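> Using the hints provided, position chain B relative to the given structure of chain A.
Protein chains: 2
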Amino acid sequence: MGVGLGSALIKLGDLSSDSDQVSVESIVLAVGLLCVCILIGHLLEKARWINESDAALFIGLFTGFIILLKTHGKSSRILQFDEELFFIYLLPPIIFNAGFQVKKKHFFRNFMTITLFGAAGTLISFCIISFGAKLLFEALDIADLELRDYLAIGAIFSATDSVCTLQVLNQNETPLLYSLVFGEGVVNDATSVVLFNAIQKFDLSQINSMIVLKFVGDFFYLFLTSTLLGVMIGLLCAFIIKRLYFGRNSADREIALMILMAYLSYIMAELFNLSGILTVFFCGIVMSHYTWHNITEQSRVTTMYGFETMSFIGETFIFFYVGMDALDIEKWRLVSSSPWKPIGASAILLGLVLIGRASLVFPMSYLSNLAKKSKNDSKLKPKQQVTIWWAGLMRGAVSMALAYNQFAKSGHTQEPGNAIMITCTITIVLFSTVVFGSLTKPLVRSMFPRSNHQDIMVSSEPSSPNSSLTLPLLADRLESEGGDVVVSIKVLSNPTHTLHHYWKKFDKAIMRPVFGGK
Amino acid sequence: MGVGLGSALIKLGDLSSDSDQVSVESIVLAVGLLCVCILIGHLLEKARWINESDAALFIGLFTGFIILLKTHGKSSRILQFDEELFFIYLLPPIIFNAGFQVKKKHFFRNFMTITLFGAAGTLISFCIISFGAKLLFEALDIADLELRDYLAIGAIFSATDSVCTLQVLNQNETPLLYSLVFGEGVVNDATSVVLFNAIQKFDLSQINSMIVLKFVGDFFYLFLTSTLLGVMIGLLCAFIIKRLYFGRNSADREIALMILMAYLSYIMAELFNLSGILTVFFCGIVMSHYTWHNITEQSRVTTMYGFETMSFIGETFIFFYVGMDALDIEKWRLVSSSPWKPIGASAILLGLVLIGRASLVFPMSYLSNLAKKSKNDSKLKPKQQVTIWWAGLMRGAVSMALAYNQFAKSGHTQEPGNAIMITCTITIVLFSTVVFGSLTKPLVRSMFPRSNHQDIMVSSEPSSPNSSLTLPLLADRLESEGGDVVVSIKVLSNPTHTLHHYWKKFDKAIMRPVFGGK
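Respectively, the protein sequence lines represent chains A and B. For the first sequence, the UniProt record's numbering begins at 1 and goes up steadily by one. For the second sequence, the UniProt record's numbering begins at 1 and goes up steadily by one.
According to the in silico footprint, chain B covers these stretches of chain A (three or more CB under 8 Å from chain B): (1) 27-36; (2) 240-246; (3) 252-258; (4) 263-276; (5) 291-302.
To give a feel for the contact side, a few chain B residues facing chain A, derived at Cβ under 7 Å: (6) H42; (7) I255; (8) I267; (9) L271; (10) Q298; (11) V301; (12) T302; (13) E308; (14) F312.
Hints were generated in silico from the structure; no laboratory data involved. Computed from a prediction, not measured in an experiment: that's the story for all the values here. Here a beta-carbon is modelled for each residue, glycine too, at the ideal position from N, C-alpha and C.
Bound conformation, chain A alone (with noise of 0.2 Å):
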């Protein structure tokens, strides 16, 4: 083995900083580093103040300055930031695990709302942010980028942080406003992504109703598309598993299977230019529905655990690492001329980023509210239109890695005006992160007090081993049972719930003899 490293490190000498590959002392040090973090976060689990993400992101702060000062100033990371890496690696099990622990109930009851924010209320932001990221860049005079780089700008900090918002809220909690802003954070995934592309893609110079309309085309065709991919291949693993009945002769082969087919989910997504996000969210709720009542008891211990641990995994490294590059030495030096430059930059797309949110959430919540004619509880109270609209202001990874894209690409950062536009991308997923990251989970604590929630809050405390064995079990019969009585209060109430119920129907009746299923 020292033999294949030895060449591999050698190897490492000759390749550029920015090469993929890493070399066994990084892989040490970040491995090493993330049982640290996770110590850590275990140790501050009863903190009021700061999460887990918070601290792999110190975490990464410090280790970025302690290599910065070893190399004189050089560099400040073990790793390069690197889209593949997290595009490819990272995110894929994150939002997998996401769409397969999410609650069905409340993620389908309010899938109108979802698709509304999620769809709309993106666009609105992106041109709050857009438009006046370029009035106010161009008189105080920041900046000068082209009407592309602006309406990028546009779309980067549109993009909310699903990965941070699994972290400060708890679906236990509050099931509701988890499924509302996460749900939103995946479409709006989707959202950013056509914007990124049709910004690339489109010749700006005569914007026409035609071009808006081919806009709206292909971001229905994503969607459908992307959701569909997801859905076809759980359901294909679901049926392979429940007809040739892996479980017979071992555990091993069907978890493969699963973690195979919703990697692939993705990967196909990334292939066809879709959003691998939408589509392994909708694969993992496939597979949660359906494939994982054909799966053998342990193999449904292990899936359910295993998902969440890869997941964890992957989160708290992705704090850390953008953490460790929030350091990078070269893309301050660059601005170090005109300091004030990316603070005000940052401050004011902060501010941009606080208004078109607002001005995203209170109006779309204001029309489903309209929708839902009756006094139930599924309005959106003020209370709650506050949290959305907190909880969505974290910005991360997503945001970074397009930055990167647009401001970084081919390496001009050289460009004083891409170099601003990667340093305020920074400061401010690390200010989100940090400050607002921070503040949501008192702002629910105090907001929503734990006490109502006692009867589900046991479900996020696997102490006894026998009560979280049989909890997936448990967990999913009261959500069918419950889900059937409040469907029955509700059809004529609201379409969707009446859309749910026939659905159910379906399920009961065609879906679940065919694809397994409770």
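Here is chain B on its own, set in the frame of chain A:
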């Protein structure tokens, strides 16, 4: 996402074929084909002559063939055979899982024999292969290589394929043979590494007693430090989880910590140029003996089946990968001028491997039988000796990686001599895996009919959820109790057992209270 990957793909365009970057297409292809391998492996389950690794190999070959046609003979691979990918990502989970699942009782009872086979044995076959190759190659004028190369060949073809052994021997059917052959494989790997390093390092012009002594010293240093590192990290992990009671708030944290620390042990060993395989193997043993008992029930199930799945995916991928690489046209084109040479070389080396292995197994078995004074069944009968001889004939990815390291480094495959060595390494790996590998299963079946082992067999069939959920605990309890009884009988008959006995006392009195355990 589309964007991120879009640019990733563009980047790919610029990169040379032997970079470690992989395109989305190749990931889709690889993951998709892995699913196919698993499906076919599942359907072949009852087959007597072909096992999963063969299936993966053939699918790999077939894929390579298709790609060959599509690229009009330019390339046969979706990814380059890549030491780093293999040693850094694929091998560790496989070996860790082997250590995690190995029947500790058998392994430690035969510790002496295993070391004898692995260390002294490997040296014997190394000498025979090296000098046999030197004589015959020069006599038949197959290739003109340096002494260094011949010694390298000896090391390369002395490395048995632990991965393939895991596939063809079943630990529940023939526990003794399994632990002997696999344990030997692990030690043997360490030996090959030292040999290989030594060949690179030492000045071979003047071989004297000092160098030999230094070499022997090196070996024991490597063996001890590697083992120690693995044990220490395993104990540290057990201690942390026991003290901080990780299970309290979430299962995923403790699982994540186990995975990361296991990997850390491997990669740290590589960093210090130790044998990562030895390290992670013993780390696995310690974790299953202590750590595993400190975690929550659901984490136990998850780790047990999760690690198994990871290793399963890794194994399947390796065989698929080697199969695909075998058709790489460049290597064959170089030797096409004199096609008989690689064939001759392969034949000679296969012969030497057979002889070397024979002159390792039978004398060593004789010795280890002498050591065992009593008439108990732990003596190696001729049948078993033959099986050990046969099961250790497979050459796999480790040989491949070492061969690439010696003969394809800095792409000087252009020299015909090196090209021949690469091609005949591939030939031997394919032949030994397919022919020897597929003959091993029936051989074992015919020599040791299953019926004798029905009592243990149950644990290899986790068909009924409950039995398999409680399986680990059960298995362990059986093991320890069984262990005590056997020990008390044999204490006086065999020094190893006395050692084993005192160890159990020490374990109960000091280790378990501190690090946890039954």
